[in-house]
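Each residue of the sequence shown is one higher than the one before, starting from 607 at the first, in the numbering used here.
Hints are supplied without guarantee of correctness; some may be wrong.
To be verified - Simulated restraints on C-beta separations: (1) 664 / 754: 41 to 51 Å; (2) 749 / 687: 21 to 31 Å; (3) 714 / 626: 31 to 41 Å; (4) 644 / 621: 35 to 45 Å; (5) 618 / 780: 39 to 49 Å; (6) 639 / 692: 16 to 26 Å.
By construction, these hints were calculated from the structure, which means they are not laboratory data. Bear in mind that the values here come from a model prediction, so they are computed numbers and not experimental data. Positions of the beta carbon are idealized from the N, C-alpha and C atoms, including for glycine.
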Amino acid sequence: DAFLPEAIETLTASEYDIGAQSDRMGYRLEGPALKHTTGADIISDATTLGSVQVPGDGNPIVLLADRGTTGGYTKIATVIGPDLSFLAQAMPGDKVRFSPVSFDEARSILLEQESFISDIKKAVGLDNSGLFTLAADGDVHEVTTDENERITGVPAEIRETKTVSATAAGFDFEIEVRYR
607 DAFLPEAIET LTASEYDIGA QSDRMGYRLE GPALKHTTGA DIISDATTLG
657 SVQVPGDGNP IVLLADRGTT GGYTKIATVI GPDLSFLAQA MPGDKVRFSP
707 VSFDEARSIL LEQESFISDI KKAVGLDNSG LFTLAADGDV HEVTTDENER
757 ITGVPAEIRE TKTVSATAAG FDFEIEVRYR
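Working from the sequences, and respecting the hints, build out all of it.
As structure tokens, then:
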């Protein structure tokens, strides 16, 4: 409701330059102005990493790591998490474009990125799976994620053991967690 219908089309069909007044707080973009229906100012509300605010001049600002927690400009979009690491490495003068994605597409892109990072960690020996063991009454139990990915394993070298005892629903539990 804050933008004219053609504003989204302008945002996604145009190319923007990262302006000289860009820093860790946000990238001020220069390009076709996005038109508001009634004005740019709103009652301050929460901002999130990647929010795209549009001040009165119509040039978008992508909020980054050092952004304020609240902002008083209308927001037209949010850059998806996997794209933020690429965007944050851009320099003033570089060009950026926006592409609309659905929630399902954004989730798929995130899962693909997480899988890629996991593969890299495994390839260079930074895989965190198997860093602890779950044992109950002397039996070692495997713990997996909903996607059936193992997150526990018997470590080759046990440096520390923690035991937790609890009573629930009339049953006594003792759980031992070993990790390195």
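Broken hints, numbered, in rising order? Hints 4, 5 contradicted; others consistent.
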